[in-house]
Each structure stands twice: as structure tokens, then as C-alpha cells.
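Both chains are sitting in their own frames, so use the hints and assemble them into the complex.
What follows is the residue order along each chain.
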Amino acid sequence: MSTAPTTTERRDADLELAVPPHLRSAWDVLKLGLHESPELRRGLGFTVVVSLGVTVATLVTPVLIQQIFDHGLKGGVFHAGFVYRICAIALFLVVLTYVAGRAAARRLVRASEEALMQLRVKTFAHIHRLSIAEQSEEKRGVFVARVTADVETLSQFTEWGGIAWIISIAQVFGGLGLMLAFSWQLTIPVVLLVGPLLAIVGRLQQRLTQAYDAVRNRVGEMLSEVSESVMGAAVVRAYGLEEQTDRRVKRAIRERYDAQIVAHWRTATLFPMATLFYSVALSVIVIAGAGFGRGWGLTFGKVTAFIFLSDVFLHVWTDLPEIYADTQTAISGWRKILTVLDLPVEIVEPDHGVVLPRGALSVGVKDLEYSYREGGPVLRGITVDIPAGAQVAIVGETGGGKTTFAKVLARLADPAAGSVKIGGVDLRHVSPESRRAAVRMVPQDGFLFDTTVRENVRFGRTAATDRDVETAFEELGLGDWVAALPDGLDTRVGERGEALSVGERQLVSLVRAQIDEPGVLILDEATSAVDPATERRTTEALRRLSQGRTVITIAHRLSTAEHADRVLVFDEGRMVEDGTHAELASRGGVYAGMYASWLGNVRPDQRDG
Amino acid sequence: MQSMRTRAVQPERGLFSRGVRLIASYVRAHPKPFVIACVGAFVFAVASIGLTAVLGNVTDKILRPAFHEGVTWGRIWLGVLAIMLAGSLRALGIMIRRYYSGVSGSAVMATLRTRVSDRYRELSLAYHREQPTGELLAHMEADVEAAVDVLHPVPFAVGVVFLTLFAMIALIVTDPFLAIIGFFLFPTLALLNRSFAKRMEGPARRAQEKLGEVSAVAHESIDGALIVKTLGREDAETERLSVKAGELRNERVDAGFIRAGFEPALEALPTLGTVFLLGIGSWRVSTGAVTVGDLVAFVTLFGLLAWPMRFVGWILSELPRAVVGYARLEQVFEAQVKVEPPIDPIPLPNGPLGIELRDVVYAFGDEPPVLNGVSLTIAPDEAVAIVGPTGVGKSTLTQLMVRLDDPEGGIVLLGGVDLRRAEPQGLRDATAMVFQESFLFAETIRQNIALDTGASDEEVEGAAVMAQADRFIRSLPHGFDTVVGERGHTLSGGQRQRVALARALVRRPRIMILDDATSAVDPTIEAQILGALSGALDMTLVVVAYRLSTIRLADRVIYLDDGKVIATGTHDELLASVPGYTAMIRAYEKGKRA
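Chains as they are written, first to last, in this note's numbering: chain A, 1 to 609; chain B, 1 to 594.
Each hint should be verified, as a subset may be incorrect.
[Stated by the list, open to error] Heads up, incomplete: computed chain A residues facing chain B, CB under 7 Å, no partners named:
#1 L91
#2 G101
#3 R110
#4 R120
#5 V121
#6 V194
#7 R237
#8 E242
#9 I253
#10 Q260
#11 A268
[To be verified] Over 10 Å on every C-beta distance to chain A, these chain B residues come out as not near it, computed from the model:
#12 G224
#13 P320
#14 D366
The hints are simulated quantities; they were obtained by calculation from the structure and are not laboratory data.
Just so you know, these numbers come straight off a predicted model, no measurement behind them.
A virtual CB, placed ideally from N, CA and C, is assigned to each residue, including glycine.
Extracted from the complex, chain B is given alone in its bound form (with noise of 0.2 Å):
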């Protein structure tokens, strides 16, 4: 999946000037940290530099003379002055640095996030619908990382390019001699580092997409674990996670010898150059070009510039990736929005609400649409049931009642008002909606009942009595107090169903929609829920339903096939008079009875 949708956006012309370009983006967006971090590099460049000519003249006008003509106490004190001085000063560029590069790379992240967070809220379901959890949070964490990543290192990098420029000045112009061996020696290292980056992208990526094979195995072995027990699969299984385990460690091997190779050389490549210095430098020593201060210089110069050159590969190979990862924040900036707020919002009126769907076509993408023209109305206070095969657009018909997806063609009214032009917050409190699959937050079950309602102890209570949930919910460990959710107290499917249930009654909707709100729940439970519901029933009911007993509950069955109303009335009448549904419900009560 991961190497699939990379390659999908793999960014193959330009690839450097777009990573500039993202790079200088970023850096107007929060320009002032990236600034001080430059300033910082560039005081950490000159105090470098300024410490190994301290080092040179504190040799030549200090430790020398200490063994041959003396040398006074101030002297040696001034000496340490100026070490400590440029050590201080190359250390505070360092701190400077490291500080406002992380502040300017953290501040870029957290308006991406922002930014991905915001648009999450304006896209519509479908969009979330379409999307898997996991990439959604891949946006939102990974993505972010990669693309910004290669912002951290830019100051340093900057911080570099004055080191070298001023070491090859001092260089040239203390002596064009050793001058020559510093310019074979560090862009030989620079181009080494270049070459190791470049050929430790193949097996680093393959790695870690086998990696990603290793953990999938993994997780859909052990998921299925109980699978693989009644299957008695178990050495089946491990085989198949060692042959996967076994590529993983090819690749790995792989890597690790190309950097066995690289390694050892980018550590041997500075000392090699420093023997040539001091061989070739002791020459030019006696024939007085340069001085033994000089060499000391040099030697430590050496020291000073070979780290860095190992980043330079580093951050070209960077380049690709964060291209890539803001490629793919793109395509959420850019995804389109389908429900839009209203410009002049007109409230809801009071009182009961119905129903009236005119024309309405929906379709998924570009498939056919699932929703061809449906056209029907609900009385206020009436209770319907939407009945049909499976796949015909049920969830979704609720779905569009309620606003949370617009459809692509006609118009669903609310007590006469279109909801394209309905005030949002006021469309919210009349109507409630319970899914299927009921989410719950990782909160407590009080919370999760009330949620922004603001309601009393007592009405989230009494909503639970209603939905048959508080004689479970009292024997939880912590009563109505017991988190749930993801890391919380599990609860089974028709628990959940429960509690999504009186999380609707709680805000006394005007409009009721149960999208197979009741499927897993037991059927003696449902019973009473049904009950309960029905004698309290001052509010529109929309029922999607199998359960014989719950479409009997309704006052009037709509019956959807092929993208349309088939037939509408009550269930006797469908039963009396249209085939499709008898044969619908009669395959139905078969298969539940059998």
C-alpha cells in the first residue's frame, strides 16, 4: 500500500527546485525563528573558524616559546581568554541554532496540522467514508513529519557553507600547498557521503517496506489467533511470518554492508588527510612557509569540517521525501468540499417537523447513482419504516434527511425549509440520528450520553431507562462514570447500540432516524425498547429495519428498490399488494426461522 501510493505522487522532474520552493514556503510562514537560526549558524561558522586560528597562534606565540625562549604569564593568560571566548561564542551558535531550527520546524508542523485538522471538519462524511482511518491519521502525523523534516537541517547547512568558504580562504591563503590536499580531501568526503545516501536509498526503503510486511503478518496473525488455534495453523502461520522475517533480514544485511563499507571510510578519509597534512606540512614548516601553529590549526580545521560534510548527502536525500509528503497533504488541502454552510440561514420552524424528499439523486464517486429519483414525504409525528434489499441506499436516504451529505440532484425539506438553506446549529438540535455501527467516544458513558447538551444527572438517566441501557451500565465497575471506548471499558455490540440510543432520547429530537439503530440488540431487550418508544412517541420516527417486529412498529413502510420508491403504505397493504416486498419479507422470516 505504502510504496503503491508513494509511487502514485513520486515527484521525478524538478525535484530540487520544488524542494526549494517547499522550503522557502515554509520559511515564510514562520520566518522568524529560520532567521535566528541562520544568524545562529553563522556566529557557530566564524567562532570555529576563530578557535582554530586561536589554537594556531596560541601554538606558535605560547606552547612554543613556553619551551624555548619563555613566555610570560599574561601572555598565557590572554591565550586562555581567547579560547574560552571563541569556545563560548561557538557554543552559543550552536545553541542559538539547534533552538530556533527546532522552534521554526515545530511552528511549520503545527499550522500543517492545523490546516489538515480544519479541513477533516469541512469535508463531508463521504469524504471520511472513502478514506481509512489510518490514512487520515497518516496525514496528520507522518505526512506532516516528512514533509518538514528537511527544514530542520537548513540553518545547519547554511552554518556549514560559511565554515567551508572560510576555511578554504584561510587555507588558500596561508598556503596554496596544504591548501590542495583540504580541496581533494573534503569534497572527496562530501561526494563519498553523496554516493553512501544515494545508495542507501534502495535498501532502506525496501527494508523498511518489508518491515511493513513483517508487522501486517503480524497483526492479521494475531488477530486471527484464535483462527489459526481451531485450524491447529500455528506452524503454518510462523513459516509464513519467517519467510517474511528471512527478506527482512536480506535487506537488512543489504544496508548494513553498504554502510560497512561507507562507514569505516568516512572515519579513516580525515585522519588520512591529517597525516598527509602534518607530512607535507612539516616540509612547509622547515622551509619556513608556514608555522607549526599553522599545522595545529589545520589539523583541527580538519577535525572541525569533516562532520558536517556527512549531512550533506543527508539533506538532498531528504529533498524526495518531504516533496512526496506534502504531495499528499495536497490532496487533502485540495479535496473538494461537499457541504457547504449556508450564506443566509433560516431557522427551523417549531413545533413537529416532516419530511419531503423531491427528486433526489446520490450516487458514490462515479459510480451509477445508488438514489434515482426519489421523491416521498413523512407526516409530522408520523413513524415510518424504510425497507428495501441490501445495498439500496437506505443509510444513505437517512443520511441526506439530516444534512450530512448533500445529494446530487433534487432537494430534501425540513418542515418546508430546503437544508441547503437550514441554520446548521438549529437542524442539529431538532434532529437525532443513531447509526448502526454507534461510536463512542473514549469517555465516560454519562459524557457520552449527554454530550454538548449540557443535561442533568437525572435526564441522562431517565434516557437511559428509555433505551434499556441503565440496568447494564449500573453494573459496570464505575456506573454511568465507566470510560469507554477505544482504551475504555469494552462494551458489546447491543450495549453500544444502547447507549447511542439514549444518547438520541436524551435531546428530546423533534426527528428521530434509526438506521438499523436496534440490529444487535437482543431481540427480548429490543422488544422493550420499542415499547418504550412508541408510547412516547410525540416526534418523527425513521426506522431502517429488518426485524419484522420493528417495521411493524411503523405506521407506514416505504419500500426503496432500484433507486426508487416502489411502493409505500402500511405493511399489511405492501403485503396485500406488492409481490417484491412479500418476497423480500417471506425469504426474510424464512431464513430467520428455518
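Same shape as in the complex, but just chain A (with noise of 0.2 Å):
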């Protein structure tokens, strides 16, 4: 088990897209990032104008000092009206930096929760549109991360630290500015404190940063392990593995227990530097302004002064470090985010496209070669003609291409060369919704919705009726299973349709593709076992269902291709076989084959007798 976390960690980096070279850099990424985001350059100017307006409310106390000590109280005299009046004077700017600075802090709330909204809705656009090859089942978490996760960083970085780093700039140079104003002289070591202050910090902030980077991912190692612990609760209580289990989990709560205890560590030796560096500044200050203040011709209040203004100026290069950090993260990613929205749409849908008739359509595919963008070829020269209303069986084992072909055929994915044609009009022609009505890809997952059974449904053709729907379950001979439901079509199907078992969701999918009436129905059969009252349903839904339709039926069950007109068997990505059932399995090849154990196995009756 040593070496899961390193498989682990592989695993993930390959399953990250590769980053294009135009977004390698920090800059281009914020460039680009701006530039996809126009909410958050608008009115960018005022937010700017007023954060370095904000800057003065810091300065106020030291100037504030040195004008009081110097003027108010000269000579051991009170001037009042110099007091008063400069006091009134320091209260009005810090009221004006309030209102400024709720007004700009208002804007751009605004503005940011608009932009992440909106890049959000884009990059979830986006992954919709990539073809399936993108989208495998590794890749979901990525994307899902990505509109979820990755954005949220971003929010950090829209809502604070993009205008920290103009904060932290301006109270720099305002600082610097107004401790040159007072004396050079005293702003020199001030200023030479800063070089070791930003090597320490940057380095210990660095370090803490990837003390958070290992608690982070001995937390997922413990997750991990709680998980594997609790979801094979039933292998592990059957084979008597709870001690070597319970050691694992142990372990990992543990080094995550470890690995935040050198976090704390490495925030313990942070923390204190701001207050390190201001005692040093302090005392170079009292050093030099009490020991030669006069000589350089420096006042009293000029000196007290410097006490407060280098805490401000200090206090700017310790957050520095911490911006930093958090803009990084922010900007990775944004990358992340930037490099799906790079990612091309493969499918490219005709301006003026075909509409296609009603009823069932012949299939043509000529030389057809597929292969995913990472990894061989999957279907190579495939070429077969399938008349209008045929019943077509696609066998073979899995990984021989059965799968990718049935989604070429529906294009959710454009070969690499030959065609498809779909009565008789190459499918690229096609225009989307003409193709959506008239090919019909029914998934074996039976993947439904979070909603109820009418609008699960109603998916299939959007503008169907209760009517209609309710048509479409009596069409496939299922009024009594609707009527068994709970609350019969108005019934939840919950979450990826799990309150349904499998073969009902199946069920389901079959009425969904039954509402839209298509001319082609591509069935990828399901593969998990269903107990007999469903199967028998499911049987005569299909059954129903491809009346009057071409049916291509991508078959796990060799009873499905002994009742189909035609079989076609792949292997590796070919086409090797294609014929009826009865000359394929007198043929004496890859089809035979499996028919002849199949009877061995599942037709004793027959073998016997």
C-alpha cells in the first residue's frame, strides 16, 4: 500500500488536460482571463481610482502625529485652533474613505459575482458541447471541478486579491513617499529591512504553503481509505478484514494528524516575523532619530511619526507573501478554467441543414475510421449499408468498437474518415434537430434526471403533452407499471433515477425514445441483470418500440441477434462477420463460436435433446 498515494497522484495528473502553450504564463492567463470576462474590466477604473484613495485613511495617523507634535503642541503651547482644525480635517477624509470605499467595494462585488457567474455558465456551455471523446468517464470529475471548484478560487482572487495587490502597491509607494517627505535618512534602513523581511517571509510562506499542499492530500488519502473501508464494508466483514483495515485507516489519521502538526509548526514561525521586524525597525528609528535626529535637522514629531509609518510600510511587504500565495492558486485555476474553454468543439453543426423525413431510415457507412484523441484507432474501415426499417444486431467482445460505432451513427462524435449517411444524406449535412428527432441513441445506463417520471419523459420531445406521454408508456404496453408507482407519472425518480431499479429506469429511457418517434433507434443493451417481471417488460417494450424504425441494437445477449434480420460481429475495431444468424452461426467463425457455447450454457434442454 506504499505505493497507492504516488499511483494515486499519477492517476490524476493524467486525467488533467494538457495545458496549450498560450496559457503557460501567468500574465497571458490573466490577459485572456480578462478578456473572457469583460464584466470584471468594466468599471475596473473607479475600483482602482478609489482603493489607492483608500491608501491615505492608513497614512492619516502618523501625518496626523507629526503635525500635532511639531505645530499643535509648539513650544509646550496648545494651539487649539490648529488642532481642532487639522483634527477636523483627518475626520473628514477618513469619513470620504469610507463612502468611497463602500462604493467601490460595492461595485465590485457586483462585478465579480456577475463574471464568475458567467464563466461558470460558459465553461459548462463548453464541456456540453466537446464530443464524447472528451467527456469519458475518467474526465467528469475534472469538468465538474472545473465549474465548481476552480471557480470558486477565482472568487478569492476577483473579490480581494486582485485589489490587494493595488492596495499593498499604493500603501508602498504612499509610505515611501511620505517617510522621504519626512527624512531620507531614517526611511534608508527602514526601506534596507525590507530585503530580509521578504526573504524570510516569502520563504516561510512558501513552506507553509506546501505544508497545506501535504495536509490537503493526506486528507484525501484518509478519505480514501474511510471510503474504500465503509463502501466495501461487506467484503471486508465477509473475509474477517477489520483489523487490516482498521490499521490502515488508523495510520492515515495519523499522517494527516502529522502532516498538521508541521503546519501548525511552520504558522507558529510565521506569524510572529511581522512583530520581529517591527521591533527592529523601532529601534533603528529610536537609534538613529534620538541619536543624530538633530544633527539632520529632523523635528520631534517627525521621528514619532516614523514609529507609525514604518508599521504601515512593513505591514504591506509581511501581506505581500500571502497575496502572492492566494494569486497563484487563483491564477492556476484560472488556467484550468481557460484551458477547457480552449479545448475545440469537434462537432461543428450545419448553417442550413437537411431536415431529414419521418418514418425509418437506411443507414450507410462507408469506410468509416474512428480513434480517440489519445490512444489507436477504434473503428477501422468500416463500411455497411442497412435498408430502411432493417433489424440490425452488432455483437462482439468488449473494447471491439460495438459501442463507439452506435455513437458515430447518432454523431455524438464525427469520424476521422468515411461517412454516415443517414437516409441517404450524409449526417454532417443533417441540421441538429432533424437529426435528434429522427436517430435515437438509447444508452444502456438509463441515466435519468432528478425529476419526475412525466418530465424524465417529456425530455424526449419537449413540447409533448401529459396526453402524449401517457401514450407513449400505453404505446409500449407499460399503463400498468405507471399505474403501480407511487404517485404513477408524477413519481421522483431521485438522484441519477436510483429510487427506480435498473431495468425500470431502462424502461423509462425506452418511453423517452418512444415520444420523439425516431426513423433510426440505436439500442446499446443492457448489460446488468434484471430480475424477470422487468425483463419480461423490457421485452415487450423493445419489442414494440422498433415497429416501423430501423433498429440497430449493439446486443450483450446472443438471443437478441438469433431474432434480428442481420448480424454484424466486431473484433478490434473491424467489421469480420456480417450475415443473418443462420448462415453466421453454420459459418464456422467468430460468431459460431460464441453461439455454440452459448447454447452449451444456457440451453441445456436444448443440448440434451
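This is the structure:
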């Protein structure tokens, strides 16, 4: 198990999309990011100006001290008029800063939330436009993270981090300017402190970030240990693995604790740095100010003001490494999002697409080739003509290319070479609406959305009335099934349809296809076991659904092939056999072999007799 | 979901006292780091006040004289020494407090996590079945964090209390006039923060809920991408997300506006206080009531106190989260353990084992019993198929046979030993169960088959051959050393089932139970597996099956319906004499063949 973490990390890295060259530098990410989110650019000038103004507030205290000590209390006499006037000015500035700061913050919140929302929606829409080749099962998690977690890292930056940079820079220059105005001699040692401060705090911040990365990894490992122990609870108990599992979970808990302690220690060394450097700055100011100030022509007020000014100035530098770390996180999140937006949309819909007629349609495939972007060819040189109304079964080993073939027929992906014609029209020239109505693929997993049965069926044809939905169920002989549901058609199916059984989900999928009356139906037969009653219903529903349509079934059971007009056998991306069941079964090829062993297993009665 | 659960255990009354009791219990569990952290916080408070006093004195005795009557170098160095001493002590205090309050929180979390994981191990399979995996993981991570996070800032709060106390004393002792400004400013800051925290609670919670909804839509929609595409619903789905994302934006903007009102005010208030301090203070200086050094000390003090005041509101808003988080953990701690280990265990006899059930009753939760008086006997080395309609309790029945759960009534005997008294390790060694959903660990295939048996490579591969799994395993990138499971190479359902079968075979069990364990295996391959199994039948075999071929393999069929054994006999006998059985098999055959 010691190899598990590295394996995990490697797998995750594999799943990440390659970053295109034009998104490698942080600056490019920022530029392109702002280009993709115009909401962030609008009104940015106002925010910047106000943020610069806010800096004034942080400098009010030192200036006020200097003025009062040097002028208000000049010669030990209280100059009431001067003091009250300058205090009034200071009060006015503070209130003004508050009003302006509030307005700027409100604008920024509105702009950045709008930008994040648009970015989220845009990325989501783009993901759905990608071809199925990109939407592999393993990458789903990555895509979900793009529109959730990654956008969240960005929100930190757009609402705070980005502006923090501007404020910090303004404070550095404002503080520096004021210090120079008071005394260049005192400014030099304070500025010289910045070097070691940045070096030390920067290094500690970096180590802290690493420590937290380590904590995150340990949390991930702990959760995967726990999730194995609970998801595999049955196996763990049936095989008496409690001790072994327990040891691993406990170790993961301890390692997570250890990593956390390292992070605590690094936090504990980082945070006192501000105080330490401030003390050093104070000492330097006292030595130089008291020792040489008079000779340099300084005043008591200026030196005292430096005590507060150096605090403001150094504080900015202590904050910078954290702002920098946050910015890096945001930029990397932004880069990931932009990388997704950068993925080309493979399927380009025609501007004025051909509309296919209703009713059964022919399917013509010529020299079809297909390969995924990563990995070798999946379909090689497939040519087949299927007349309208034919019932065709495709059989073959898992990984032989059957499912990919079905997806290309439904134009969920475009062929690398060759063509697919439906009703004699190249699929690439068919209008998307007409294509979806004419060619319908029913995938095997019977995925349903978390709403009612009725709504799930209506997703097949949005315009369908309640009556249409009921009719569709009756047409497939499923009226009694609906009647037995707790709330009939208004029964909620739960997340991914899990309130229904696998078989029942397939039934709903079939009705969803029926309601749109496609001319070509592509069925990916389910492999999972279904209870006999549902099995019977499915068979009957399929029989009815197939009538008057061209049906291409990816068959996992040879009984389906037995009843088809024609059987296509796929092996390693090629179509190796094509004929009726009777022809192929007696030919002595791949299919005959499959059929013989199936017969021996499923029908001992026939074998015996 | 989240919000509903939270509401269910919402602590309304006595929240504060419950929170405090919770914190006290954490401190009792690991007192040392907490006490050290509090000492650090005290040092921090003393050093902070000390630093302001030093600055005041430096102003009066070094800086001011330097521009008037003059000052000696000796005095300057003394001042520097005092500054560095106070500053270093303050830094040390921060360091000690930060580190040990971290250790204190983490230690409590580790203890709670260990307790949760112990409970998970002790609780029966029924508990695991009822709880979604996400929930169990949430207890382990998020709930523990929520319950304990409140502990972390407590030493800091202790420091703040001392700091405020010392500051007030310093103010009053020095000058009551200036003290009044402090007495206005600090409570105002604290109240403002509290009101800020309070007003943020609603929008922040709602924004979190909306974020959950956005994630749910994204998850569902991207998981169902294929269906979305086949139905041409891309735009409709984008619209669906857009609505949720818009709601999230609105909540965030609400929260942001509240923040935009409070944050600049919290920044401005201390500065405002400083302006008054300097204005009134310079008049007090002129009357000789205070020195300029006192003014400098107070301005510094205001700066030091402004920041901690912001945490007061925060700690209070953490309390409810902690109480709710702990209440959710208590549900785990208090769940009932059903399968208790035997007090004086009896070893199972050697040799072949038979199975006997007497009047077994079992129910899920409060539902009517699914098994209601099941009695049956399976002879040693017999092969039995359990057949019956879906949901009749076939899987439950087989799980009771290996004591994955205990029946509510009746007893289960293996080789004549009541399972409640059977020695657990011996029971696990003697039996092997294969499930329909075969869980594989994120390890190599070899490790998944061998588990803890210490089986040799030859034995593992031999089992794989018998389970018809060796051919596909050898074609994997690293053969038997390929990592599978959640993050590893994904296998098809049928392949997973065959690995699970090999896992059972390698143990050479005396009783083997296949719970629909070959349902996803290609019929061709299934035939070969069952052929091999029946050839090597020196064990008691119990099979739950739908396929006729599997049923026919058995010596005897036990037909289960309505919570009872309806009939038992060979397949042909039951076909001839039990109408219900015949109807079921017919219906099944028709479905398969049509």
C-alpha cells in the first residue's frame, strides 16, 4: 500500500488536460481571463482610483501625530485652533474614505459575481458542446471541478486578491513618499529591512503552502481509506479484514495529524515575524532619530510619526507573500478553466441543415475510421449498408468498438475518415434538430434526471403534452407499470434515477425514445441483471418500440442476435462478419463459436434433446 | 439535504452552555497543549501592553529630550533593549499560542476521528447499508472539523480578554478623559463585529446552500452528458445551471453588500478613535494631565486592540456550527451495534460444514419482516440454489448464513454451532461470500485476490484460472500487478465479478456463497466457470441465481416467497409440483428468449 499515494497522484495528473502553450505564463492567463470576462474590466478604473484613495486613510495617523507634535503643541503651548482644524480634516478624510471604500467594494462584488457566474455558465455550456471523445467517464470529475471548485478559487481573487495588490502597491509608494518627505536618512534603514523581511517571510510562506498541500493530500488519502472501508464493508466483514482495514485507517488518521502539526509549526514561525521586524525597525528609528535626528534637522514629531509610518510600510510587505500565494492559486484555477474553454468543439453543426423525412430511414456507412485523441484507432474501415426498417444486431467482445460505432451513428462524434449517411444524407449536413428527432441512441445505463418520471420522458420531446406521455407508456405496454408507481407519472426518480431499479430506468429510457418517434433507433443493450418481471416488460416494450423503425442493437445477449434480421460481428475495431444469424451460426467463424458455447450454457434442454 | 439534516439537529436552547460544555470536554481530553497555548496568550497580552508602555517611555525619556535637552547614548541603548525585549516576548507569545492551539485542536480531531472509525468497524452491515457513503465520509472529515474548529481560537480569545483588561486598567490609571474614548470605541467595535457576524450568517448559509445546488446540477448534468447529448438538451441544461448560478450570484452579492458596509467601517473606526485621542489628548498634554509619551502609547494600544476585537463576533458564530457538528457525530457514537462478538467463542468443527436455519426472522428497520420464519437445512458438500422473486430476501438470507448480520428471531447454525457463539476468525476462514456488486480495493489484482491470506503467486493465479479471469488479467498493462478500483484501471462488471470469485476460491472455503455473483459475466464464460466449480465441488455451495443454467447446476433448489420457504427439491421436481415456481421460471425464460 505504500505505493498507493504515488499511483493516485499519477492517475490524477493523467486526467488533467494538457495546458496549451499560450496559457503557460501567468500574465497570459490574466490577459485572456480578463478578455473572457468583460464584466471584470468594466468599471475597473473606478475601483483602482478608489483603492488608491483608501491608502490615504492608513497614512492619516502618522501625519496627524507629526502635525500635532510639531505644530499643535509647538513650544509646549496648545494651539487649539490648529489642532481642531487638522483633526476635522482628518475626520473628514476618514469618513470620505469609508463612503468611497463602500461604494468601490459594492461595485467590485457586483462585477466579480456577475463575471464568475458568466464564466461558470460559459464553461459548463462548452463542456456540453465537446464531443463524447472528450467526455470520457474518468474526466467527468475534472469537468465538474472546473465549474465548481476552480471558479471558487477565482472568487477569492476577483473579490479581494486582485484589489489587495493595488492597495498594497499604493501603500508601499504612499508610505515611501511620506517617509522620504519626513526624512530620507530614516527611510534608508527601514527600506533596507524589506529585503530580509521578504526573503524570510516569503520562504516561510512558501513552506507553509507546501505544508498545507501535504495536509490536503493526507486528507485525500484518509478519505479514500475510509471510503474503501465503508464501501467495501460487506467484503471486509465477509472476509474478516477488520483488523487490517482498521490499521490502515488509523495510520491515515495519524499521518493526517502529523502533516497538520507540521503546518501548525510553520504557521507559528511565520506569524511572529511581523512583530519581530517591527521591533527592529523601532530600534533603528530610536537609535538614528534620537542619536542623530537633531543634526539631520529632523523634528520630534517627524521621528515619532516614523514609528507609526514604518509599521504601515512593513506590514504591507508581510502581507505580500500571502497575497502572492493566493494569486497563484487563483491563476492556476483560472488556467484550468481557460484550458477547458480552449478545447475545440469537434462537432460543427451546419448552418442550413437538411431536414430528414419522418419514418424508418436507411443507414449507410462507408470506410469509417475513428480514433480517440489519446490512444489508438477504435474503428477501422467499416463499410455497411442497412436498409430502412431493418433490425440489426451488433455483437463482439467488450472493447471491440461497438459502442463507439453507435455513438458515431448518432453523431455524438464525427468520424476521422469515411462517412455516415442517414436516409442518404451525410450526417454532417443534417440539421441538428432533425438529426435528434430522426436518430435516437438509448444508452445502456438508463441515466435519469432528478425529477419526475413524466419530466424525464418529456426530455425526449419538450413539446409533448401529458396525454402524449401517457400514450407513449401505453404504446409500449407499460400502462400497468405506471399505475403501480406511488405517484404515477409524477413519481420522483431520485438522483440519477436511483429511486427506480436499473431495469425500470431502462423502461423510462425506452419511453423517452418512443415519444419522439425516431426513424433510426440505436439501442445499447444493458448488461446488468434485471429481475424477471421487468425483463419481460422490457422485452415487450422493445418489441413494440422497434416496429416501423430501423433498429441497430448493440447486443450483449445472443438471443437478441438470434431474432435480428442481420448480425454484424465486431472485433478489434473491424467488422469481421456480416450476415443472418443462420448463415453466421453455420459458417464456423467468430459468431459460430460464440453461439455454440452460449447454447451449451443457456439451453441445456436443447443440448440434451 | 444538507440544510434538512442541519435543521433536524438544530440546537435552539442552551446553545451557549452546550458550546461551552463541548469546549470543556475537548480541553479535558487533551489539557496540556491547551493550557500551554493559554499561557502563550497571556505572555502575548503582557508583552503587548509592555510594548506600548516601552514606546511611551521611549517617547518621553529619549525622543523628546533628544530634540530639547539632549539624551545620553546609554539611555538610547537601554530603550532599544527594552523595545527588543518586549517585541521578542510578544513574538514568543504569538508563536507558543499559535502552535499549541493548533496542536490542541488537531489532537482532539484525531481522537474523534479514531472514535468514529472504531464505531464504523463495530457497527453492522445493516448500518453501512442504510447510510450513504458520502454521509459516512462527512462524519469523518467535515463534521469533525465543524465540531472542533471552535477550539482553535479559544486561547486567542483568552489572550484578548487579558489584553483588553490590561488596556482598560492602563487607560483609567493614566487619564479618565482618554479612557472614555476607549470605553466608547472598543465596545462599539465588538458590537459592530458581532452584528456583522450575525448579519452574515443568513446570506453566508444561503450562499453555501446555493453553491451546493450549483454543484448538484453540474454533477448530475456532466455525469449524464451522454444522455444530454442524445436528447439534444445542451441548451436546456445550460439554462438550468444558469438559473442556479444566478441565484448563487444574488446571494453572494447580498453577502458582499453587507460586507461592503461593515468592512470599511471596521477599518475606519479605530482611525476615528485615534483622531479623537490625538485631538483631546493634545489638550490634556497642554494641561499637564498626560505626557506625549502617554499619547504615543495609547495610539499604539488602539492599533493593537482593533484587530482582536474582530474575532469576538467570529467565535460566537462558530459555536452553533460546533454544536451541530458534534450532534451529528453523536448519532454515530450512539448507533446500536447489532453483531456482538461472542463472549466464550466455540470453534467450528473440522471437515465439511452443513447449514441450518431455524425460524429465522429478519426485518429492515421498522418495515414488516422480509424473512418471517425461515427454516432450512443444507447438508455438507451439497450445492443449493436459492430462488425466488425480487425483494424476497434471498441476499439477506445468505448474509445471515455467514453472520454479516444477526436475525431478529431464530438461530443460524454452521456445523451445528450457533453463529452467535462461533469463533469469528474461524468463521471467516471457513466461509467465502461473493456479492453481485463486487467491491475491489484500490490495490493490485493480486492483492485483491489474496487479501490477507498470504496466498502464493501460484495459488492466486490458480484461483484466477478457475474463475476464468486469468486471460483478461494477463492482457492488462501490468497483468496481476495492475492497480484496479476507484482510481486505478477500471474493469467491466463481469471482469470485477470474476476477480471477486477468484478472491473467494483462493481461500479454499468449506462454505461458498455466490449471491448472484456471475450475473454480469458473459454467458459463455459463466458456463466455463460453473463447469470448473462443479468439477471441484468439495465444499458446500449456496447460489442465488436468476439464470436457468445456474439453477440447474444445483443439487437442490430452495424456493423462497412471502418470507418463507415455499418448497424445496430438485429443479425438475419443483417444476412438476409447485405452480408458483413454474410460473416464475416460465416468465423468466420468456423474457430471456423473446
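**Report entry** Broken hints, by number
**Finding:** Violated hints: 6 and 12; rest satisfied.
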